[in-house]
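Could you put the whole structure together from the sequences, leaning on the hints where they help?
Counting from 1, position 248 in the sequence shown corresponds to residue 257 in the working numbering; the numbering is continuous, with no gaps.
Keep in mind the hints are simulated off the structure, nothing from the lab.
Do not take every clue at face value.
[Claimed, not checked] Below, computed lysine-lysine pairings styled on BS3-like, alpha-carbon distance capped at 30 Å:
id	residue 1	residue 2
1	K480	K372
2	K170	K78
3	K520	K372
4	K507	K420
5	K372	K503
6	K161	K51
7	K420	K503
8	K372	K507
9	K78	K161
10	K547	K372
11	K62	K161
12	K480	K423
13	K423	K507
14	K62	K51
15	K547	K423
16	K547	K420
17	K78	K51
18	K445	K480
19	K503	K423
20	K503	K547
21	K62	K98
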Amino acid sequence: MNFTYFREIDDMSERPPPSDEDDWLLDDSQDENPETLAETQKTWKLLIVDDEKDVHTATCLALRDVRYKGQSLTFLSAFSGQEGLEVVKAHDDIALIMLDVVMESDDAGLQLARRIREELANSLTRIVLRTGQPGQAPEQDVILHYDINDYKTKTELTTQKLFTTTIASLRAYENLVSLEKNRQGLAKILESASDLYEIHSLREFASGVLRQVSALLDIAPEGILCVRAESESGAPSAEILAASGVYEHLAEVGTLAGEPKLAALFEQVFREKSRTLQHPYDMLYIPARNNHAFAVHFMPQQPLDAVECDLLDVFCQRISAAYDNLYLYQQLRSAQAATVVALADLAEFRDTDTGEHVLRVQKLTDAIVQEMRIRNHYPDLISREFMDRIGMASILHDIGKVATPDHILLKPGKLDPDERTIMELHASIGEQILAKSAKLVEGISYLSLGSEIAGGHHEHFDGTGYPLQLKGQSIPLSARIVQVVDVFDALLSKRPYKMPWSLEDTMHYIKGRAGSQFDPLVVDALVHLVDENRLPVKFS
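Structure below.
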């Protein structure tokens, strides 16, 4: 049995503090701190709020040997309504309050019950009113108007009835706590699954799973997530995708060679395809698509209860679905990327003089859009989806050249006016080709951005470009970025009709046309990359 006193803070009576001679009835292990004991062994907290010391003594004596679900009682004590409120504020896990009605005022207990429910928003703790003056608080009125769970007169509370009331209250509290943990856990699962659905990288996904397990169980973010894939030979191979806390160093090592016990448990989980809870070596098993499976090791402070195990089962199902979504997303992106590369190869097949031009354009485009994001240029337009796709889409900027006749496309010298008119058609032709395909894909895609870029990367910021003489921000941002990149790379590269320019001359040309041919903010991003020597490609 554990017991602690909370001295009355409002000095409402002249009652002396408990003497040493009295304390033997209340605590048979004076040297044990109930707070420390509660940390090492789970107990049910019972708060006695009564201005009569004998009531505290008798209650503790009657219930001192009570155990429920293998847990004993820890007794907390307060001698007024105000003191009782402070105790409840300090302990948010009190299971049961034995509450007197008449203390410093005739309705002190009733007011405390109301403040616990309304002011502290505590609906879980069970409250049993005990009164020696039932006329002061008629039972029917109290039950109807106050959120209490039982009402007893002190004269009817025999030892057996006190035992029955206590066990019934603990059982009700346990059920309510389980329901609340389920509610909060399911809310966290739904929130975590939504977050993970937004992640498009496997390692980000793995780190996210570790964070969500920690949040779900309210434990320190310490754990390991491994993935295992069946190879063509059927031999399994495991890889550490994420590690946190005390295991963070393993993320760099990549193996569990230095942790033989953990390695054996991971192998067991993968082999048996089920979780193992061998506290403190708890592990989850998460099946996934494409012959993949995940195992997660985490470190709760105490063995998991039934509610937490059930929540983890639901969590694993949601994580499996989230990974399936990630896998399908990556497959879709790979298919789209393959299509884009095939189209770009088709365009370059006839225009071999451009060499690696489109690959440099892709890298430069990604670098510039990242720099613009850092500098907060066009924050409403540069979304995550835009950043993920514009680089790949940029390699389609000249796809319309597939319709340009060879004698014009491959001409080594300067084009005459008629030939130039035909050459300029490649912008609108490329836009039309890609726009038709883009309609088959909902939202932003490589094809939709590619269509914008193909049609607009020869427009000028001042409206003097082609094919539609668009001006300023009426030109799609994707096209304004690729226009700068395309010219920058073309000037620095050798072509049949020109030798490469120097970087100094190229930047002088581009900066001189900021605001007329080029978007000034795109030029600003390029200038910073050049000045800070952060270009992603090298020019000879």
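Broken hints, by number: none
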